[in-house]
Amino acid sequence: MYERHILICAGTGCISSGTISVKDALENELKKHNLQDKVRIILSGCHGFCEKGPIFIVYPEDIFYCEVQAEDVPELVEEYLIKGNVVERLLYKDPTTDMAITSHDEIPFYSRQKRQVLRNCGVIDPESIDEYIIRGGYVGLENALKMDRMGIINEVKSSGLRGRGGAGFPTGMKWEFAYRSPGDKKYVVCNADEGDPGAFMDRSVLEGDPHAVLEGLIIAGLAIGSDEAYIYVRAEYPLAIQRLKTAITQAEEYGVLGENILNSGANFKINIKEGAGAFVCGEETALLASIEGERGMPRPRPPFPAVKGLWEKPTCINNVETLANIPLILRKGAAWYSTVGTESSKGTKIFALTGKVNNTGLCEVPMGISLREIVFDIGGGIRDGKKYKAVQIGGPSGGCIPEDLLDLPVDFDSLTAAGAMMGSGGMVVMDEDTCMVDLARYFLSFTQSESCGKCTPCREGTKRMLEILQRITKGKGEPEDIPRLEQLAAAVKDSSLCGLGQTAPNPVLTTLRYFRDEYEAHIFDRRCPAGVCKELLSYYIDSELCTGCRACVRVCPTDAISGERKEPHTIDETKCISCGACFDRCRFDAVKTK
Amino acid sequence: MISLTINGQKVEVEPGTTILQAAEKLGVFIPSFCYDPDLTLVGACRMCVVEVERARNLIASCCTPAGEGMVVHTDTERVHEARRANLNLLLANHPLDCLTCEKTGNCRLQDYCYLYGISETDFSGERKDYGFDDSNPFFIRDMNKCILCGLCVRTCHEINGVGAVGFMNRGFDTKVSAAFDDPLEDSPCVFCGMCVDVCPVGALVPKQSVGKGRPWELATVKTVCPYCGTGCGLELSVKDNEIVGVKGDTSSPVNRGQTCVKGRFGLGFLQSPERLTSPLIRKNGELVESSWEEALNLVAQKLRRTRSTELAGLASARATNEENYLFQKLLRTLGTNNIDHCARL
Ligand SMILES: Cc1cc2nc3c(=O)[nH]c(=O)nc-3n(C[C@H](O)[C@H](O)[C@H](O)COP(=O)(O)O)c2cc1C
Ligand code: SF4
Ligand code: SF4
Ligand code: SF4
Ligand code: FES
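Chains A and B, in that order, give the protein sequences. The numbering of the first sequence is my numbering, which starts it at 1 and goes up by one. The numbering of the second sequence is my numbering, which starts it at 1 and goes up by one.
Read the hints as simulated data drawn from the structure, not as lab findings. Since the structure is predicted, the reported quantities are computational estimates derived from the model, not experimental observations. Note that the Cβ used here is the ideal one computed from N, Cα and C, for glycine as well. Hints are not guaranteed to be accurate.
[Unchecked claim] Derived EDC-like pairs (lysine to aspartate or glutamate); straight-line CA-CA distance at most 20 Å: (1) A:K474 / B:E235; (2) B:K103 / B:E126; (3) A:K245 / A:D130; (4) B:K207 / B:D240; (5) A:K386 / A:E373; (6) A:K313 / A:E343; (7) A:K269 / A:D404; (8) B:K262 / B:E235; (9) B:K207 / B:E235; (10) B:K128 / A:D130; (11) B:K175 / A:E294; (12) A:K476 / B:D122; (13) A:K476 / B:E235; (14) A:K31 / A:E88; (15) A:K269 / A:E236.
[What the hints assert, rightly or not] Listed next, the stretches of chain A that the computed footprint assigns to chain B, with coverage defined by at least 3 CB atoms under 8 Å from CB atoms of chain B: (16) 116-125; (17) 140-147; (18) 237-250; (19) 294-303; (20) 474-488.
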């Protein structure tokens, strides 16, 4: 009997901040103290709080240590495991009160969440099917096997589940289309491409609870009458791929996958297809082309994949998170499931919270929660006491939401109405130091380089929008640039072939809608209100602080700085090109911007 | 049958008909670059977009099947706005050297800019800057003029089956190229030239036509390829009794516009000063021009004197099937079965 279990997070984030050496150190220390039979080490899936990794939780007491490094391990074993003294310096500290918190449930980052889909992530050993089963795994599948196809579909329909891959299409309805589509062979595809920069919920689910996705896939297969699935996962997710492979082998051994599943006569095979990691390959028709070995370019719809998908067979494509919801619905029922969420958006949604908030990481919240609660309660507010400016939701296809919409309930429809979108759930929080024109420029540079190049509006239009934004941030904007951007954005949105082009203008349109004054300041006053756009800053030297050390004189590429040694220097504005070299160089903070 | 309304007019079409085809049936014009009914429909250029009531976005009419009760508008301000933006964007990334471009007068980009009154682009900025590919003797590839409609790529894959060209890179850097961006000469290209025919702009130009005349100066002559017995139909562009261009004849039931390298690019011999235009008879060791009558008499005379066991016939692969049939008939009547054909050599 083990007296204690120690969970060390082995998600990609924590592994890169040192999980493996912590685990090795712990094994050594336990042996040294002859505790290896009393304490069991479990490498768990992601806890979502990667910023504070590696995360190290001791059960049964539930003591939450964070940012643990190998050198901390002897102290943890000696002081805590042996002597029972909590090692305070490794506890989480509330950024606002600076109070140390011992238990993981009391940390505001976790206490406001509703971890349904992530229920197993960080709790079970993702490489053990037994642990998944103990937590209710594969019960949903057993239930589904007792139902007929329409029975399963109706259950999913009445749960109100909508696709988590971006568009929010009702999952049950999608299944019904694929089910009703005639075909001797049908496919189910799991979209694990996860191309939004900053989003990593799908990776965390695959790494932390791979069986939940497999179970969802098998149930989808039963519902539409398919015996074969593909999981399209980017090759940059090696750990997720490895965990999936392990899980598939285990599921086959346990008879929940493969031939004659649980003696029901149903067969199901799951293939893994590694993608090369192009954003556009997350678009369903491009994804199918990529599985078929073609260049990943979207195809026109109709025909929809449900009618003509993979190798022209009826195909149902669902996102990882969507599928991970399915076992819950089939285990606990649609009625239970639909108690969480809003009228039109049921259940929870996982967001990847990043940017200028105190707590960053993955958080799972009920649909309909306000943005304010996510940013200020879960996220712990803005870093360094700065002011909130906006949050970009939905990645490069989404839009930004300003302060006066902070009480917006987060669900599919209200986000779309605000000009943003749920997307895959990326959420980047920006403070007063963010320039919104520069932000739009950043996202456009992403969509332009990820455009597949097939259709004219997206390929050429994103390029020209990007060039206009670059020009504005360099202080070369022209008054006609705003209407030009608006016209172009409308045409690209209206006439592009796929979702990438149709949504690429969103960051431009929302920043223009909510922060037009910033564009105008750049263009008409040649000023960047957030002080970000280098070329728009003007530099001067504070004569009180300047020591006359001449360091800046030596770095200025245009000889704009003059002054006698040991006397305050001055910058000739007519010569200054705003490169910022003097600013970076001055050791006395005497170079100022205005 | 499916019935829909286009610009207020009702039309009935077979299921599976596209909106564009339904519009054609009504005589409603919709511009297009990437559309070709013989190839996969890709919906890439977005020139053919139309407004369909209750649809969120504009719809590409070339690849969208007509739906029952659909209400379509092909000429609204919203549609024109999108088409103008599209042309504007294409022009911003296209050399404007129409004065010397081979395609002038036969270029769809030019035609549509004329139609929508686009004389110059609104956008400054980067343009493609690729080198020419004139590695082969037959045609020039100027990818700076390419509008990426993909017709050449699909023709090469789907009609020819060679697949010598495809797309490389993404976004603004997307380009049609042979594998590894090698010159076409080093690719599996067989220079059938079918891609040249489908290119709507001046990106693919046959060398034989360069500087030889504007489309409106050329007469079109339909003929049958002289090279082999298949008998492909060709359309020659002729100026001052000189062939300055060859295309496959799409109305020919034999090849429906397809060609091989010989028929397309190999007709230069017609204008060669060394071409034989009358029979030659060897007299005193010298080949001397003669009339057909004299030559045929000579052949007949010699045949009469030859025993059938000493006789053999060699036919030409350039003759038609019918001619070769008659030839073997003739030789068999003369008592020999020894007949062969130059295509074996
Ligand atoms: C440019 C683009 C990228 C996309 N990337 C993803 C992705 O990475 N993962 C995903 O699940 N869906 C992505 N989608 C949405 C898919 O096309 C598709 O709608 C989704 O996988 C359907 O699953 P769902 O109904 O479960 O949401 C993307 C769509 C577009 C237009
Ligand atoms: S919208 Fe962009 S990504 Fe989509 S097909 Fe067109 S070029 Fe490709
Ligand atoms: S000439 Fe023929 S083979 Fe060569 S690229 Fe064009 S279509 Fe393909
Ligand atoms: S070369 Fe011509 S046919 Fe080929 S993609 Fe470019 S424009 Fe189209
Ligand atoms: S002609 Fe329809 S998209 Fe090109």
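Structure versus earlier hints, numbers of those that do not hold, lowest first | Checked against the structure, the hints that fail are numbers 1, 2, 6, 7, 10, 13, 14, 15, 16, 17 and 18, while the rest are satisfied.
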